[in-house]
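Visitor: Below, each chain spelled out in residue letters.
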Amino acid sequence: MEALAAADTKPVASPLWRGTIAIVLIGLILQWLVRDHTADLPAIAPWDFFWSEYLAIALAGLWYARGVNSLAAGHRPALWRQIFFWIGIALIYAVLLTRFEYMAQHMFFLNRLQHMVMHHLAPFLIALAWPGEAILQGMPASLRQMLRAAWLRHAMRVLQHPIVAGLLFVGLINLWLIPAVHFRAMLNTTLYELMNWSMVADGLLFWCLVLDPRNRPAARISLGIRMLVVILVMFPQILSGSWLAFSTRMIYPYYDLCGRLYPSIGALSDQHYGGLIVWIPSAMMSSLAFMLILNHLRIEDERMAALGPPAGTGPLISSSAWTGR
Amino acid sequence: MWWFKFPTVISLCMAIGLVLSVSRDAKADQGWHNFDVTGTSPDLSFTAARARTDQTVSQEDFRGKIVLLYFGYTNCPDICPFTLSHAANILDDLGSTASQIRFLFVTVDPDRDTPKILAEYMQDFGPDFIGLRPTPDQLAALARRYRIAYSVTPASAGHDEEVVHSSAIYAFDKSGAARLLIPSLGSTTPDIAGTEADLKRLANESATDGLLAHVRAWFSFGS
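One line per chain: the protein sequences are A and B, in this order. Following my numbering, the residues of the first sequence are numbered contiguously, the last one being 325. Following my numbering, the residues of the second sequence are numbered contiguously, the last one being 1223.
Simulated from the structure, these hints should not be mistaken for laboratory data. Every residue gets a Cβ at the ideal spot worked out from N, C-alpha and C, and that includes glycine. Hints may contain errors.
The calculated label-pair distances, taken between Cβ atoms and stated as ranges, are [said to hold, decoys possible]:
1. A/Arg249 / B/Thr1153: 22 to 32 Å
2. B/Gln1059 / A/Ile178: 31 to 41 Å
3. A/Leu159 / B/Thr1208: 40 to 50 Å
4. B/Ser1058 / A/Leu232: 45 to 55 Å
5. A/Ala45 / B/Thr1114: 48 to 58 Å
6. B/Thr1208 / A/Gly171: 53 to 63 Å
7. A/Ile26 / B/Pro1154: 31 to 41 Å
8. B/Ser1151 / A/Ser222: 20 to 30 Å
Heads up, incomplete: computed chain A residues facing chain B, CB under 8 Å, no partners named [said to hold, decoys possible]:
9. Asp36
10. His75
11. Trp86
12. Thr98
13. Leu257
14. Gly259
15. Arg260
16. Leu261
Could you put the whole structure together from the sequences, leaning on the hints where they help?
Guide: Structural data, given as C-alpha cells:
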C-alpha cells in the first residue's frame, strides 16, 4: 500500500474511460456476431459470449497495462512477469471465449483440459507474474477504494487460510466432477458460467497464496506451510484422476446424450484421457510449485546468511556443516 | 475462532444448499424413466424453415404441444431411422394422446437435406413428424442453446463422409419448458414403455403441475 501511495503521484498514461468504452463496444459487436453470425465466424471467435467472462478478462488486461505504464520504474514488474501475465490471460481467453469452448463441451478430455488451464496453468502463470499491484494501480480509484473494504479483507483472510484454501482447491475440482453436478453444469448456462468463474477465481486465490514472492508477515503463510499445502492437494487429485483413468463404466452421460465431437474416440477412452489430465499435469504443477517454493526458501536462507548471524544469546545453529556453505 | 463468524456460516450453508440442489440425480428423481432436465435446460426457442412448406417456424407455432426435439440427417444409416421409427411406434401406442405431441427433426446436414428430401423422409413416419431446415447460423444457435454437437465432414480420398450429431431427444412440455432428455430411442434396446409413461405423464400435466415441477427442481435437496 505504501508503494501504491508513492506511485499514485505519477500521471497515468491513457485515459481509463477511452479503453473501457472500447472494450464495451468490442463486446457489443462480439455479442451481436456470436448471436446472429456464429457459422461465419473463425475458430478464434467466441462460441458462446458471456459478458462477465469477457469483461473480467478485458478489464484485467486494460488495468494491468495501464498500471504497468503508470508505476514508477522501481515498482514496475520485471519483463518476464509481464510476459507470464499476458500468457495467463490469453490462455483463459482461449479456453473460454473461442471455438475451443464448443470442443470442450463435447469431449470429456477436452473439458478436463479446459479446467486444467482455468484452474492450474493460467492462474499459476498469473500468480508468478504477481500483477496485483499493477492492476490496483491501473483500475479506477473508486474501485480501488472499494477493494480496501474490511469485509473483503476478512473474506480473503478466510479464503486464504491454508486449510480453507487447500480444501477449496481440491473440493471445487471434485464438486464439478460429481456426475449429477457435471450433468447439470454442462446443460445449464448459469451453472456453467458459475463453474468457470469458480475455477478461475479459486485457481488465482490458491496459486497467489502459495506462490507469493514475499515472505511473512507480508505473505499470508510461511514457506513451510506452503510446501505442505501444495503437496497435500496433490493426492486427492491423483485419486480422482486415477479413478477416472481406470474407470470401467461410463460416468458422464452428458457427452453421450449431446454428442461427442470425435466419434473415433470411444466413451471410455475419452473418460480415461480426461482422468489422465486430472491426474498427471495437476500433480506436476504441484511439484513445480514445490520446487519454486524450495528455491524461494534457498534464496531467503542465503539472504539471511549474508546478513550475518542474528544478534542474541540463544544457541547458534549453523547449516554450514552439512551444506558446505 | 476469528473466522467462525455469522456471514461465514451463512455463506457455508448457502454453498452446501447449492451443492445439494445441483447434485440431484437426474434419473432417479421424481420417478421419471428418462433424464429429468426440468429447470436445467433452457425453454424451447428456435427459428428454422419447415421442410414441407419452406416457411420459417418458431416455438410459437408449437405452443400447447409437447415437443420432441431431435437432431439428425436423412442419410443417417442407423441412429436416426431407429430413433424415428421407435418414436413413431410410441406415438401409435399413445393413441389420442399423440395428438398433443409433435416430433421436430432438425437436420444437421441442410445442404443435402433439401426441403423436398426432408419432407418426404418425414412422411414415412407420420403427420406429427416435422422436418426442420435451419440456416447454418440458426443451427449454431440451436446447438449452443441445447449443447448439441454437430458437424458434417464430406467424403474425401480414403475417408467416408462423417456426420456428427447428438443421440438424445429433448422433450418440452406444453408451456415450452425443457423437461426430459430421452437417451435410448436410437439404440437397439429402447425404453419404449418408460418413454410412453413419461410422455403420458407430461400430456396429463396441468399448467400448475409444470410450474410446480420447475419449483421443485430447484428446491429438492438431494432427494
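Visitor: Are the hints correct? Go through all of them and say.
Guide: Hint check:
1. A/Arg249 / B/Thr1153: 22 to 32 Å: Since arginine 249 of chain A and threonine 1153 of chain B have Cβ atoms about 30 Å apart, the given range 22 to 32 Å holds.
2. B/Gln1059 / A/Ile178: 31 to 41 Å: holds (32 Å)
3. A/Leu159 / B/Thr1208: 40 to 50 Å: Check passed, 43 Å falls within 40 to 50 Å.
4. B/Ser1058 / A/Leu232: 45 to 55 Å: holds (54 Å)
5. A/Ala45 / B/Thr1114: 48 to 58 Å: Violated, at about 29 Å.
6. B/Thr1208 / A/Gly171: 53 to 63 Å: violated (38 Å)
7. A/Ile26 / B/Pro1154: 31 to 41 Å: The hint (31 to 41 Å, Cβ to Cβ) holds, given that isoleucine 26 of chain A and proline 1154 of chain B are roughly 35 Å apart.
8. B/Ser1151 / A/Ser222: 20 to 30 Å: violated (52 Å)
9. Asp36: holds (6 Å)
10. His75: violated (32 Å)
11. Trp86: For tryptophan 86 of chain A, the interface hint is violated, since the closest Cβ of chain B sits about 29 Å away, which is over 8 Å.
12. Thr98: violated (14 Å)
13. Leu257: holds (4 Å)
14. Gly259: holds (3 Å)
15. Arg260: Holds - the Cβ of arginine 260 of chain A comes within 8 Å of chain B, reaching about 6 Å at its closest.
16. Leu261: holds (5 Å)
Of the numbered hints stated above, those contradicted by the structure are hints 5, 6, 8, 10, 11, 12, listed in ascending order.
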